[in-house]
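Using the sequences and the hints given, assemble the complete structure.
From first to last, the protein sequence lines stand for chains B, R and C.
Following my numbering, the numbering of the first sequence begins with 1 at its first residue and continues without gaps.
Following my numbering, the numbering of the second sequence begins with 1001 at its first residue and continues without gaps.
Following my numbering, the numbering of the third sequence begins with 2001 at its first residue and continues without gaps.
Worth double-checking, as some hints may not be accurate.
[Unchecked claim] With a straight-line Cα cutoff of 20 Å, these simulated DMTMM-like cross-link-like pairs (lysine to aspartate or glutamate) come out:
| hint | chain 1 | residue 1 | chain 2 | residue 2 |
| --- | --- | --- | --- | --- |
| 1 | B | Lys2 | C | Asp2112 |
| 2 | R | Lys1110 | R | Glu1036 |
| 3 | C | Lys2006 | C | Glu2026 |
| 4 | R | Lys1002 | B | Asp112 |
| 5 | C | Lys2002 | B | Glu31 |
| 6 | B | Lys129 | C | Glu2026 |
| 7 | R | Lys1129 | B | Asp112 |
| 8 | R | Lys1006 | R | Glu1031 |
| 9 | R | Lys1129 | R | Asp1083 |
| 10 | R | Lys1006 | B | Asp112 |
Treat the hints as calculated values from the structure; they're not laboratory data.
None of these values were measured; they are calculated from a predicted model.
Next come the chains, spelled out residue by residue.
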Amino acid sequence: MKSFRKEIWLNIPTRRAFVNLTPQVEAALEESGIREGLLLVNAMHISASVFINDDESGLHHDFEVFLERLAPHEPIRQYRHNDTGEDNADAHIKRQIMGRDVVVAVSGGKLDFGPWEQIFYGEFDGRRKKRVLVKIIGE
Amino acid sequence: MKSFRKEIWLNIPTRRAFVNLTPQVEAALEESGIREGLLLVNAMHISASVFINDDESGLHHDFEVFLERLAPHEPIRQYRHNDTGEDNADAHIKRQIMGRDVVVAVSGGKLDFGPWEQIFYGEFDGRRKKRVLVKIIGE
Amino acid sequence: MKSFRKEIWLNIPTRRAFVNLTPQVEAALEESGIREGLLLVNAMHISASVFINDDESGLHHDFEVFLERLAPHEPIRQYRHNDTGEDNADAHIKRQIMGRDVVVAVSGGKLDFGPWEQIFYGEFDGRRKKRVLVKIIGE
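Structure (structure tokens):
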């Protein structure tokens, strides 16, 4: 069994954004040399998500509206987490809705994807350096 | 290490439905011959889910009501994704809430499940052929 | 390839609670002797979650308020699942929002975590014995 580990660093200039990580994950898979196995991609921060959906800006706008409706950033004072001096309770909740990690099959050395699957980083409390972990096991 | 891959094809006649995939996943596991490992089941389409919950029709009705309340199909024009000519923005959001994939332990050649765990396909934009991927690694 | 399996039993005295499982998962990983691989932690019950987020009591309060707003326990009669004699339809929905399982990279014999990642059990229908499964594969 082989294993491979790679970190992807991001520094999103806005509080919230969606970034397509698929090219970087594909590069990590190629670098690993693994042909058959499982690939994990996860946010290493608890106010960010990794998820798989469509690379379409209208949909990303819809996600943003949906998440702000369910867990609005303001008023800050509505969340007890923010009593600690933070202002990112909404980001922790948004990350929970969108998910922390995805597991992807590796078949024939490729991400074993349907036609529209793309891997996204969802930032909900940006403007600082954060990491995503890619871990691959197989052979 | 062994690996095994199988696609399950579905063609749901309605826009939305929940389908129990457990027998087909168990058949794939048996076919694989893998006794210890991890099994991934994921929707290969971004307007569908794979999740684990109860095989009880009342609960499926409750999920349907819950999801329609959070991300209603209509009015179509409320979603920017639908400006592309699609009408399935709600399906992308519903899939995100219910999840894309599940990872199941394989122990002694069986799905290592609690008493009520069953694997479901959640269709949110049906009436066409779609696929679920089963990938198993182990030995 | 090595594999390792361990159950963690819980008996939460209240209907709902969040419990930090990280020390028990770390102990299972150490017991396994696995240095590189993937670790799955999942609820074996369909009215409970396993998820990764912050160990901060204010945030857990915010999660509780958020989940009760989205899928309130009462009135019991609003859910068709509860027509079966159950009163836990809300717990099945809450578990779906928070997730069933997490997959964690194992690197150098440790959980490959960012600075604040902690593994939680989310109980939504407690006051009885329930189980969490830890399955690790690697070498």
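We went through each hint and held it up to the structure:
no.: 1; hint: B/Lys2 to C/Asp2112; verdict: 17 Å, holds
no.: 2; hint: R/Lys1110 to R/Glu1036; verdict: 9 Å, holds
no.: 3; hint: C/Lys2006 to C/Glu2026; verdict: 12 Å, holds
no.: 4; hint: R/Lys1002 to B/Asp112; verdict: 17 Å, holds
no.: 5; hint: C/Lys2002 to B/Glu31; verdict: 24 Å, violated
no.: 6; hint: B/Lys129 to C/Glu2026; verdict: 27 Å, violated
no.: 7; hint: R/Lys1129 to B/Asp112; verdict: 18 Å, holds
no.: 8; hint: R/Lys1006 to R/Glu1031; verdict: 10 Å, holds
no.: 9; hint: R/Lys1129 to R/Asp1083; verdict: 24 Å, violated
no.: 10; hint: R/Lys1006 to B/Asp112; verdict: 11 Å, holds
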